[in-house]
Amino acid sequence: MLVIVLENAPPRLRGRLAVWLLEVRAGVYVGTYSRRVREHIWAQVEEGLEDGNAVMVWRSTAEAGFEFKTLGTNRRMPVDFDGVQLVSFLPEVPGGAL
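Residues in the sequence shown are numbered consecutively from 95, following my numbering.
Mixed in with the good hints there might be a few duds.
[To be verified] With beta-carbon atoms standing in for the labels, derived distance ranges:
hint, residue 1, residue 2, range
1, A158, E117, 21 to 29 Å
2, M95, P188, 37 to 45 Å
3, T167, Q138, 16 to 24 Å
4, V178, E117, 29 to 37 Å
5, H134, E101, 17 to 25 Å
6, R119, R153, 13 to 21 Å
7, F160, Q138, 17 to 25 Å
8, D176, H134, 28 to 36 Å
9, P105, L180, 28 to 36 Å
10, T126, P188, 41 to 49 Å
11, D176, E117, 29 to 37 Å
12, F175, P104, 29 to 37 Å
Treat the hints as calculated values from the structure; they're not laboratory data.
Since we're looking at a predicted model, the values are computed, not measured.
Glycine is no exception: its CB is placed at the ideal position from the N, C-alpha and C atoms.
Whole structure, please, built from the sequences with the hints as guidance.
Here is the structure:
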């Protein structure tokens, strides 16, 4: 299982992902692909994201049963805690900027 969530992504990238994945909600894409195809799809996200942000989650043999990676600016940042991926929240900045 593969899930990609985009925020503030250009329409060109959203259309490109819709070729590979099913868009079940605005900016939420799902599918089932091999590691190689998953990496190719993520390369497309890296190339076309511009000022937006993205997270990709996929099933794995990790302790949690999944792994994830992020791209772009977001208050939620992945951290490694003794080999377990967790999410840390950055403090809010007055005025809404990160």
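Hints, verified against the model:
Taking the beta carbon of each, A158 and E117 are about 25 Å apart, inside 21 to 29 Å as hinted. As the Cβ distance of M95 to P188 is approximately 39 Å, the hint placing it in 37 to 45 Å holds. Roughly 19 Å separates the CB atoms of T167 and Q138, a value that falls within the hinted 16 to 24 Å. Roughly 30 Å separates the CB atoms of V178 and E117, a value that falls within the hinted 29 to 37 Å.
Take H134 and E101: their Cβ atoms lie about 22 Å apart, and the range 17 to 25 Å holds. Distance hint check for R119 and R153: the Cβ-Cβ separation is about 20 Å, which falls inside the suggested range of 13 to 21 Å. Against the hinted window of 17 to 25 Å, the Cβ-Cβ separation of F160 and Q138 comes to about 21 Å, which satisfies the hint. Distance hint for D176 and H134: a CB-CB separation of about 31 Å, consistent with the stated range 28 to 36 Å.
For P105 and L180, the Cβ-Cβ distance of about 33 Å falls inside the hinted range of 28 to 36 Å, so the restraint holds. At about 43 Å, the beta-carbon gap between T126 and P188 stays in the expected band of 41 to 49 Å. Between D176 and E117 the CB atoms are about 36 Å apart, so this pair conforms to the stated range of 29 to 37 Å. Checked against the hint of 29 to 37 Å, the C-beta distance between F175 and P104 comes to roughly 34 Å, which is consistent with it.
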